[in-house]
Amino acid sequence: MSSGGVPLPEALPDSLDRVPEPERGRDGDAVALMLVRVGGRWFSLDARMVQEVAVKGAVTRVPTAARHVLGVAGLRGDVVPVISLEQMIGSVGPAAPGLGTTLPRLVVVRAGECDLALVVDEIRGIIDELPATVTAEIRNAGRPPFLGAEFEWQGKLVCVLDVPQLVAAAAGGSQGGA
Amino acid sequence: MSTVVLRVKLILAFTLVIAVVTLCFAGYLLVQQERTASAALVTRATGITGVLARLVTPAVETDNRREVSNSLAAVYGHADLRYVVVMKASGEVYQEQSVGTLAPGEELHEDSRHERVVQTRGGLLHVLVPLSSKGNHLGTLVAGFSRQSIDDAIRSSQVALLVGAFVILLIGVGVAWFVSGNIARPIRAVAKRLTRLAQDLVDSARSQESAGMQQASGIEQTRRTMELVLASAQQIAENSSAVLGNAERTVAGNRDVALRIKELDSHAEKAAEILAAIMQVADRTDLLALNAALEGTKAGEAGRGFTLVAAEMRRLAESVMESVAGIRRLMSDMRAASQVAVQAGQEGIALSEETTRSARDIAQVTQRQRKATEQVGQSMDDMAATVTDAMARTRQTAANAAELAAAALQLGTLVDSGRPTPSPVPVVDQARLPASATADGSKR
Chain U
1 MSSGGVPLPE
11 ALPDSLDRVP
21 EPERGRDGDA
31 VALMLVRVGG
41 RWFSLDARMV
51 QEVAVKGAVT
61 RVPTAARHVL
71 GVAGLRGDVV
81 PVISLEQMIG
91 SVGPAAPGLG
101 TTLPRLVVVR
111 AGECDLALVV
121 DEIRGIIDEL
131 PATVTAEIRN
141 AGRPPFLGAE
151 FEWQGKLVCV
161 LDVPQLVAAA
171 AGGSQGGA
Chain X
1001 MSTVVLRVKL
1011 ILAFTLVIAV
1021 VTLCFAGYLL
1031 VQQERTASAA
1041 LVTRATGITG
1051 VLARLVTPAV
1061 ETDNRREVSN
1071 SLAAVYGHAD
1081 LRYVVVMKAS
1091 GEVYQEQSVG
1101 TLAPGEELHE
1111 DSRHERVVQT
1121 RGGLLHVLVP
1131 LSSKGNHLGT
1141 LVAGFSRQSI
1151 DDAIRSSQVA
1161 LLVGAFVILL
1171 IGVGVAWFVS
1181 GNIARPIRAV
1191 AKRLTRLAQD
1201 LVDSARSQES
1211 AGMQQASGIE
1221 QTRRTMELVL
1231 ASAQQIAENS
1241 SAVLGNAERT
1251 VAGNRDVALR
1261 IKELDSHAEK
1271 AAEILAAIMQ
1281 VADRTDLLAL
1291 NAALEGTKAG
1301 EAGRGFTLVA
1311 AEMRRLAESV
1321 MESVAGIRRL
1331 MSDMRAASQV
1341 AVQAGQEGIA
1351 LSEETTRSAR
1361 DIAQVTQRQR
1371 KATEQVGQSM
1381 DDMAATVTDA
1391 MARTRQTAAN
1401 AAELAAAALQ
1411 LGTLVDSGRP
1421 TPSPVPVVDQ
1431 ARLPASATAD
1441 GSKR
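Residue numbers (our numbering), protein chains in the order written: chain U, 1 to 178; chain X, 1001 to 1444.
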């Protein structure tokens, strides 16, 4: 990141119009997905790309950074940019009452050599099996490319996040903002 | 007609008075007249006898009977002279001239030679004058004078006095008739007016008596009402004292409750701090379990068991956090309830203090009301005594008015018919007065 000196991944996904699909294992099993909640929306991301989960502590704001870059935070001796997924999507809606018993979390993901910390309100857990109710792809011009297919899980509509696309989008916005 | 009777009575009274005065005056005049006439007769008789004695003395001395007889004849024409006798010193009658004879038993006193002696016997005035010449007692000249002229004059005076008295009596009767006319009519008018005024006075006294009885009844009723008010005030004072005590105990209780609630709030804060620590530990545990699950997931099949254990730990941590969150909600509700209770307690304290002040004010007001009621009762007693005294005076006034009416009516009756009649004005009934209006005031 030019403004704060935070390294962002140089390698971006091959194509932004690639619709991410739920990855399958070698035996056709669904990969582990981490379910997170941002505001009133649920998202899932590949658990293998999640480096760690931390408590959202102090975040140092970075001048001239993009709106979705909340700042940087120190995690285990590394400086990681903190990204607001809500700012990237636009609107996630208010959280349903009674949700969230934990403190806000930082989900550190890695795409290539770039680490990003996503601010989430709640981490539901890790699921191993991908439900069979995956919706068809939703594609339009206004939809961000890192938002993949959606599926229903325990009555909740969960959107699959493409982590490389997300990192690329965050890096692009960050660079654009810079 | 009635006035005529009074006037006749007045005339009779005047006539009697005038007659008595006239008779007294006439008797006095007659007595004085008789005395004056008697004195004049004695003076005249002594004078005539003295002159006669000086005339006959030389003749007696010379024993000249003729001269003596002439001298006696010279004076013997006097109307009142009845006899003249010249006696010698020896007692012999020397010469005598008389209308009749001397009364038998006529004797002269021996000491008549030395002085003139006037005696009245047998209706005649006898004058004895001694005859003396050159110191020699020659004899005594005795002359008798009649009182006939004096008696005639006295009778004439009596007739004149009788006529004068009669005339005076007639004048007195006339004056009495005139005066009685001016006296009887005003007396009768005054008697009628007195009767009317007395009747009005009796009626007024009766009205005052009735009003006094009503006033006494009203005072009695007011006094009973004041007694009820006083009893109510005492009961209110007792109740207000009880309310005051309860309010003060309520204030103390509310303050104690507020203090306990503050202690509970303090304990709740400490519990919240403990819960925050538990929550932080659970959150850290959840975080650790989540990271452990991630590591297990990254490890593939080898880390599956690790992942399961981490998931269980995470569920346990979430359960702890949910429980802590529930406890927090409960404690939040408890703190809200305690705040409400504290606020309610403060309001209760304020209300209790207000109730205390109100009860104290009520007690003071009730105390003043009780004193005022007692003063009103005392005033009612004084007023009852005053009314009782006034009614007694009214009764006395009514009785006096009744007596005055009776006297006025009796006076009018006397003026009208001359006979007294019983009074038609009723006497005030003492028994009609209410018992509360008695002088002793025992019903208070």
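Do not rely on the hints blindly, as some may be mistaken.
Claimed, not checked - To give an idea of the chain U side of the interface with chain X (calculated C-beta under 10 Å), a few residues:
no., residue
1, Ala32
2, Gln51
3, Ala54
4, Val59
5, Thr60
6, Val79
7, Ile89
8, Gly90
9, Val92
10, Asp121
11, Gly155
12, Lys156
13, Leu157
To be verified - Below 20 Å or equal to it, Euclidean Cα-Cα: the simulated EDC-like pairs (lysine to aspartate or glutamate) are:
no., chain 1, residue 1, chain 2, residue 2
14, U, Lys56, X, Glu1061
15, X, Lys1371, X, Glu1227
16, X, Lys1298, U, Asp46
17, X, Lys1262, X, Glu1273
18, X, Lys1088, U, Asp46
19, X, Lys1371, X, Glu1353
20, X, Lys1192, X, Glu1227
21, U, Lys56, X, Glu1312
22, X, Lys1134, X, Glu1061
23, X, Lys1262, X, Asp1382
24, U, Lys156, U, Glu113
25, X, Lys1371, X, Asp1361
26, X, Lys1298, U, Glu86
27, X, Lys1371, X, Glu1354
28, U, Lys56, U, Asp128
29, X, Lys1134, X, Glu1227
30, X, Lys1298, U, Asp121
31, X, Lys1270, X, Asp1333
Keep in mind the hints are simulated off the structure, nothing from the lab.
A quick note: this is a predicted structure, and the numbers were derived from the prediction, not measured.
We put the beta carbon where it would ideally sit given N, CA and C, even for glycine.
Hints, verified against the model:
A hinted interface residue such as alanine 32 of chain U counts as satisfied when its beta carbon comes closer than 10 Å to some beta carbon of chain X; here the least separation is about 5 Å, so the hint holds. The interface hint given for glutamine 51 of chain U holds, since its Cβ lies 8 Å from the closest Cβ of chain X, which is under the 10 Å cut-off. This hint holds: alanine 54 of chain U has a C-beta 7 Å from the nearest C-beta of chain X, less than the 10 Å allowed. At about 17 Å, the closest approach between the beta carbon of valine 59 of chain U and any beta carbon in chain X exceeds 10 Å, and the interface hint on this residue is violated.
Proximity of threonine 60 of chain U to chain X is violated relative to the hint, the smallest CB-CB distance being about 21 Å (cut-off 10 Å). Interface restraint check: valine 79 of chain U against chain X, minimum CB-CB distance 20 Å, threshold 10 Å, status violated. The criterion of a C-beta within 10 Å of any C-beta in chain X is not met by isoleucine 89 of chain U, whose closest approach is roughly 23 Å, and the hint is violated. Against a cut-off of 10 Å between C-beta atoms, the interface hint on glycine 90 of chain U is violated, since the closest Cβ of chain X lies about 28 Å away.
A cut of 10 Å between beta carbons decides the hint on valine 92 of chain U: the least distance to chain X is about 21 Å, and the hint is violated. Against a cut-off of 10 Å between C-beta atoms, the interface hint on aspartate 121 of chain U is violated, since the closest Cβ of chain X lies about 13 Å away. Given the 10 Å rule on beta carbons, the hint for glycine 155 of chain U is violated: about 18 Å separates it from the nearest Cβ of chain X. Here the hint on lysine 156 of chain U is broken, as its CB sits about 16 Å from the closest CB of chain X, past 10 Å.
Against a cut-off of 10 Å between C-beta atoms, the interface hint on leucine 157 of chain U is violated, since the closest Cβ of chain X lies about 22 Å away. As the CA atoms of lysine 56 of chain U and glutamate 1061 of chain X are separated by approximately 210 Å, the hinted pair breaks the 20 Å bound. For the hint linking lysine 1371 of chain X to glutamate 1227 of chain X, the alpha-carbon distance of about 12 Å falls within 20 Å, and the restraint holds. Between lysine 1298 of chain X and aspartate 46 of chain U, the direct Cα distance comes to roughly 11 Å. Compliance with the 20 Å bound is thereby established for this hinted pair.
Restraint check: the Cα-Cα separation between lysine 1262 of chain X and glutamate 1273 of chain X comes to about 16 Å, which is no more than 20 Å; the hinted pair holds. Only pairs whose Cα atoms come within 20 Å are accepted, and lysine 1088 of chain X paired with aspartate 46 of chain U is rejected, the gap being roughly 223 Å. Between lysine 1371 of chain X and glutamate 1353 of chain X the CA atoms are separated by roughly 27 Å; this puts the pair beyond 20 Å, and the hint is violated. Distance restraint check for lysine 1192 of chain X and glutamate 1227 of chain X: the Cα-Cα separation of roughly 51 Å exceeds the 20 Å cut-off, and the hinted pair is therefore not satisfied.
A C-alpha spacing of about 23 Å is found between lysine 56 of chain U and glutamate 1312 of chain X, which places the hinted pair above 20 Å, so the restraint is violated. Between the alpha carbons of lysine 1134 of chain X and glutamate 1061 of chain X the distance comes to roughly 10 Å, so the proposed pair stays at or under 20 Å and holds. Of the supplied pair hints, the one linking lysine 1262 of chain X and aspartate 1382 of chain X is violated, its CA atoms being roughly 62 Å apart against a limit of 20 Å. Among the hinted pairs, lysine 156 of chain U with glutamate 113 of chain U is inconsistent with the structure: their alpha-carbon atoms are about 32 Å apart, more than 20 Å.
With a C-alpha separation of about 15 Å, the suggested pair lysine 1371 of chain X and aspartate 1361 of chain X falls inside the 20 Å cut-off, and the hint holds. The hinted pair formed by lysine 1298 of chain X and glutamate 86 of chain U fails the criterion: a straight-line CA distance of about 27 Å is larger than 20 Å. A threshold of 20 Å between alpha carbons decides the hint, and for lysine 1371 of chain X with glutamate 1354 of chain X the separation of about 25 Å lies outside it, so the pair is violated. A threshold of 20 Å between alpha carbons decides the hint, and for lysine 56 of chain U with aspartate 128 of chain U the separation of about 26 Å lies outside it, so the pair is violated.
Of the supplied pair hints, the one linking lysine 1134 of chain X and glutamate 1227 of chain X is violated, its CA atoms being roughly 129 Å apart against a limit of 20 Å. Of the supplied pair hints, the one linking lysine 1298 of chain X and aspartate 121 of chain U is violated, its CA atoms being roughly 23 Å apart against a limit of 20 Å. Distance restraint check for lysine 1270 of chain X and aspartate 1333 of chain X: the Cα-Cα separation of roughly 16 Å lies within the 20 Å cut-off, and the hinted pair is therefore satisfied.
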